[in-house]
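Engineer: Sequence:
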Amino acid sequence: MKNNLFLGLFVFTIFLNSCTTDGTADIIINDNSVTNNNGGGGNNGSQSIFLSGTYNEDLTLDANNNYKVNGSLIMAAGTTLTIPAGMTVEALAAGSDVYIAISQGAKIMASGTADNPIVLTSDASIPQAGDWGGLILLGRAPINSVSGTATSTSEIASLPYGGTDAADNSGVI
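In the working numbering, the protein residues as written are 23 to 195.
Calculated from the structure, these hints are not laboratory results.
Treat the hints with care, since some could be wrong.
[Stated by the list, open to error] Listed below are the simulated DMTMM-like cross-link pairs for lysine to aspartate or glutamate, each with C-alpha atoms no more than 20 Å apart in a straight line:
{"no.": "1", "residue 1": "Lys-90", "residue 2": "Glu-79"}
{"no.": "2", "residue 1": "Lys-90", "residue 2": "Asp-153"}
{"no.": "3", "residue 1": "Lys-90", "residue 2": "Asp-145"}
{"no.": "4", "residue 1": "Lys-90", "residue 2": "Asp-119"}
{"no.": "5", "residue 1": "Lys-90", "residue 2": "Asp-80"}
Values in this document were obtained by computation on a predicted structure and should not be read as measured data.
Let's have the full structure, built from the sequences with the hints guiding it.
Structural biologist: What follows is the structure in C-alpha cells.
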C-alpha cells in the first residue's frame, strides 16, 4: 500500500511538471496593425497569427505561418487577400461573428490544387457546420431578388452585395 502511495505521488508530480506553457507567443494582426507578443523572437513554427478587423491594404498570407481568424476579417474595396496553395486557415469556433468577407471591389486570390488544397475550417477538434460564419463574397454582379432591387445584404454581418456589373470579378477560388 505504501508503494502504491509513493508511485501515485511520483506520477502526479511528473504530471504537474509537464503542465507548463511552451513559451511561444502569438502575433495579432488587427486592422492592418501588427502586435507581436513573442518578445522580439522569430517565428518558431508553433505560434499563431490572429486575423480580424477591416483591411484597407492587401493581405498576403505566408505559408510558413499558422493563421487563425478570431473575429470579422473584412477586405475593403480595392484590396486583395492572397492565400497560397496548401494552406489551412482556421477560424475560432465562435459562430457567425467570426468570418472572412470580401467586400464589393475587393478580391481573394486562393488557388489551391488537388495536391495542395486551401482549407478554411474552424479550430474545433471536430469541426461542424455553424462553427464560424465562413467565407462571404460580396461582389457587384446582378442577383436574383424577390423585391426587384439590384442589391441586398448578407445574412452574416449585413454587408451589401449585388449590383449591375455582370463582369464583376471578386478573384479566384
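Engineer: Now look at each hint and say whether the structure bears it out.
Structural biologist: Comparing the hints with the structure gives:
1. Pair hint Lys-90 plus Glu-79 holds up; C-alpha atoms about 19 Å apart against a cutoff of 20 Å.
2. Of the pairs offered as hints, the one joining Lys-90 and Asp-153 holds, with about 13 Å between alpha carbons and a cut-off of 20 Å not exceeded.
3. Distance restraint check for Lys-90 and Asp-145: the Cα-Cα separation of roughly 8 Å lies within the 20 Å cut-off, and the hinted pair is therefore satisfied.
4. Among the hinted pairs, Lys-90 with Asp-119 is consistent with the structure: their alpha-carbon atoms are about 14 Å apart, no more than 20 Å.
5. Between Lys-90 and Asp-80, the direct Cα distance comes to roughly 17 Å. Compliance with the 20 Å bound is thereby established for this hinted pair.
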